[in-house]
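J.: Listed here are the chains, written in short residue letters.
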Amino acid sequence: MTTALHYSPLLPTLWLLPLFGAIALWAFGPQLRRNAGYVGSAVVLVSFACALALFGEATLPGNPVRVPLVSWGPGFDLGLSLDPLSLLWTLVITGVGGLIHIYSIGYMWSDRAIARFFAYLNFFVFSMLTLVLSDNLVGLLVGWGLVGLASYFLIGFWFYKPTAVAAARKAFVINVFGDIGIMFALFALFAQTHSIAFNDIFAKVATFSSGFVLLACIGLFIGCAAKSAQVPLHTWLPDAMEGPTPVSALIHAATMVTAGVYLIARFAPLWSTSPAAQELVGIVGALTMAVGAILAMGQWDIKRILAYSTMSQIGYMIMGVGVGAYQAGVLHFFTHAFFKAQLFLGAGLIIHALHDEQDVRKMGGLYQRMPFAFWAMLLGTLAIIGFPLFSGYYSKDAVIYGVLEHGHPVLYGMAVGAACITAYYMFRMIFIVFFGPYRGDVPDALLAIAPAATAAEPQEHVAHAPDWLMQAPVAVLMVPTVIAGYVSIGGANSPWYRYFGNLFGGADTAPVAAPLIPEFGSTALVLVLVALGIVAAYVRYGAPAAQAAAIDRLRRETLVMPARLRYLLWFDDAIALAIVRPSQALGGGISRFIDPHVIDAGVRDVAWVAGALGLAFRALQSGLVRAYALTIVIGAACFIAYFAYIGVPR
Amino acid sequence: MSVDIGDYVGLSAVMLCIGLAGVLLRRNPLIVLMSIELMFNAANLALVAFSREWVNNAGHIFVFLVVTVAAAEVAIGLAIVVSVFRRAQNVDVDEVASMRG
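Note that the protein sequences, when read in sequence, are chains A and B.
Position 202, counted from 1, in the first sequence is what our numbering calls 202; the numbers after and before it change by one each time, with no gaps.
Position 94, counted from 1, in the second sequence is what our numbering calls 94; the numbers after and before it change by one each time, with no gaps.
For the record, the hints were derived by calculation from the structure and aren't laboratory data.
Misleading hints may appear alongside valid ones.
Estimated spans, in silico, between C-beta atoms of each pair [unchecked claim]:
#1 A612(A) / R100(B): 49 to 59 Å
#2 V66(B) / G611(A): 38 to 48 Å
#3 W608(A) / S83(B): 19 to 29 Å
#4 A636(A) / E53(B): 20 to 30 Å
#5 M34(B) / A612(A): 58 to 68 Å
#6 G611(A) / E53(B): 46 to 56 Å
#7 A27(A) / R100(B): 55 to 65 Å
#8 A13(B) / W608(A): 44 to 54 Å
#9 A13(B) / D600(A): 57 to 67 Å
#10 L78(B) / A612(A): 38 to 48 Å
Just so we're clear, the structure is a prediction, and the values are computed from it rather than from any experiment.
The beta carbon of each residue, even a glycine, is placed where N, CA and C say it ideally should be.
Work out the full structure: start from the sequences and follow the hints.
T.: Below is the structure:
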C-alpha cells in the first residue's frame, strides 16, 4: 500500500472489548451473578459506540481504517480493516447484539448459569468481529472457526438436555466441514498469490485462470453453505433452535448465519470474474430459499418456523450476492437482521410467558393476553413478507428484481414463488398463535401431539425480571424493522448505494440482460402473490369458521401431514445415507479389521520379539556372582589373547 | 642386585592371579572382598612400576585414584555384606541369588 496507514485506536478497542468482557465474566461469574448481564451488555454497547464513532473515517472512499497486528513473514501480515462493508456488519453485530444482550438479562433471569451465558455471548461477538474485521483470509478463517465454536457452546448451553447436546454437535460438525472448504480456498489462493491479504489477492485476480477462480469460489462457497445453512448443509439450523431464544435471535438469525453473505460480498472481485461460480451460488441460494419456505409451512414449533424462514431469507441474500446484485443482497441482510431479531425476540416473549412452551398448537388467542408481543410479531411479519413501506419490502424487492436484471429468469420465478409462500407461513403462524381459542389447556391427545421426553431443568425460579428488560429491546427494534429499508429509496442515488460507492467494482449496477418486465410490474406481481399467501393463510387458519374448528383441524393436520413435510424433504435421511452411514461403516471396518489386525498386530509383534529376546538372554542372568566374575575373566582373557596374537598397534 | 621392571610386573601378575582365584573359588564374601583388594593392589603395583620405568607421573596419580575408589568400594561392599547377612542369616555368595532371571 502506498497510501499512508489510516490508523485509529478505536478499532482494536471495539474488537478486543468483548473478548475482555468474556474473560472477565468467565473469571468472576460466581461473584457477579446476575450483574454479569449488565456488564456483558455494557461491553457490547461500548463497542457499538466505538463503531459509530468510526463511521465517518471508515466510509472515506478507498481508504479504510487499518490496524496492522502481527507480521509472520512476507505476504503473511495479520491486521484489521474497517471499510463500509465490515462497518455495516460491525454495526449490526454490536447494535442488534447489544439489544439482544439486554433482552437476555430478562430472558435468562432465573438461570443460575447466567454469567456463563453472557461470557459465551461476548465471546461470540468477539469472534464475529474477528471474522468481519480481518483484512486477510487467515484472520477470517480464525473468526469463522471461533463463531462456530461459540455457536456450539450456546446451542448446547442447556447441556442437561440430550437434544441440545446432539444439536450442538451436529451444528459443529457441519460447520467444521465448511471451515475445511475455506481452508482449501485459502491454500489455493496463497499458493497462487503468495499473500493472504484480501487486497493482494484482489489485485491479482486478473491473472487467475477461470478454472482456478471457480475452484477457489467453490471452496469458499462450501464454507458459506455450511455457515449460512444452504442446501444441503442446512440441517443443523432448525436443530440449533434447542439453544436459548436470544441465541437463536443473535447467532442463528441476525449475524452468524449471514457470514456467508459477507464472505461472498467481500470476495466480490473474485466472484465477479467467474460466471460459473455466480450461477452455482445463485442456484444453491434459490434452492435454499424454496426448500426453507416449503418446510416452514409444515412446522409446529414456533422457533422452527422462524428457523426455516431464516434459512429461506438467507437463500434470498445468497442468491442476490451470488448473481451479482451485491448491494441488494447486503441490503436484505441489513433489514433481515432487524426484523428477524424482532420476530425471535417476540417469540421469546411468548415462550417465556408460557413457561417454555414452543408448540404453536398449544398457543392461540394470545392477542388478548400479550398485545405487546402481538404487535412486535405482526410488525416483524409484515417486514419479512415484504409488505409495502416495511423494510423487507425494499430489500426483498431489490433482490428479486436484481436477479431478473442479472439475467436469471428461472431464479426470478422461484424468488417470486417463495415470496408468496413466505406470506402464507408467516400469517399461518400469526393466526394460529394469536387468534382463536387458547389451546394451552387442551390435552395433548386431542391435538395429536406425541408426548415428548423433557429433561428436568435445574433452575431456581426466583423473583421475576422487570418486564422492561425484555420489552425495551423489542420496542427499539420496531423502529428499524419498519424504516431500515428507506435507505435504499432513490435507486442508484440512494444513501445505500452511495454508501457502498464502488466497493463492488460497479458490477452491481450494470444489468446483464434487458429485463422481461419493468420494475413496477415485478413489484405488483410480488404484491399480488403476497396477498394471495395472506388470503390462503386467512382462509385456512384465520377465518371465524376455521378458528372455531381449530382443535379438530390441527389434530387432522398433524396426523395426515404429507410425508415430504413430516420428514423435512428427507434431507437428514439423505445425508445419513450418503455420508453418515458410509462413515460409520468405514469406521466400523477400521475398528474391526485395520485396528486389531494391522495396528495392534504391529505393536503385538514388537512386544513378542522383545519377550522372546528376553527369554533367550534370561539364562545368562544366573544370579551367581562368581559366574559373573568368571564371565568377566573369560572376556579379559579373550582381549589379552587377541592383542597378544595381533600385537598392539603403534 | 638390581630390581628391574620384569620383577615388579611378575609380582603384580602373581598377586592378580591369587586375587582372581580368591574371587572365583571362595564363597565367603569377606574373602571375596579381600581378594578384590589384592587385585587392586596388583594393578597399583604395575602402575607404579611402569610409571617409574617411563618416568611419567601419570601412573602415580592413577594410583591415588585407585586407592580412593578402593576405600569407598570396601565401605560400600562391607555395608552390603552386613545387610545381606541380616536378611539371609548366611554369608555364602552362591546362596544370595535372588537376582536370578
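J.: Against each hint, give a clear statement of whether it holds in the structure.
T.: How the hints compare with the structure:
1. Between A612(A) and R100(B) the CB atoms are about 19 Å apart, so this pair departs from the stated range of 49 to 59 Å.
2. Here the CB-CB span from V66(B) to G611(A) is close to 42 Å, well matched to the stated 38 to 48 Å.
3. Between W608(A) and S83(B) the beta carbons are some 39 Å apart, a value that contradicts the proposed interval 19 to 29 Å.
4. For the pair A636(A) and E53(B), the supplied restraint of 20 to 30 Å holds, since their beta-carbon distance comes to about 23 Å.
5. Against the hinted window of 58 to 68 Å, the Cβ-Cβ separation of M34(B) and A612(A) comes to about 42 Å, which falls outside the hint.
6. In this structure the hint that G611(A) and E53(B) lie 46 to 56 Å apart at CB holds, the actual value being about 54 Å.
7. For A27(A) paired with R100(B), a C-beta distance near 60 Å keeps the hint of 55 to 65 Å intact.
8. One distance hint, 44 to 54 Å for the beta-carbon pair A13(B) and W608(A), holds here, with the actual separation near 49 Å.
9. The hint said 57 to 67 Å for the Cβ distance between A13(B) and D600(A), and at roughly 59 Å that hint holds.
10. Restraint check, L78(B) to A612(A): a C-beta distance of roughly 41 Å satisfies the suggested window 38 to 48 Å.
Comparing the model with each earlier hint shows violations of hints 1, 3, 5; every other hint is respected.
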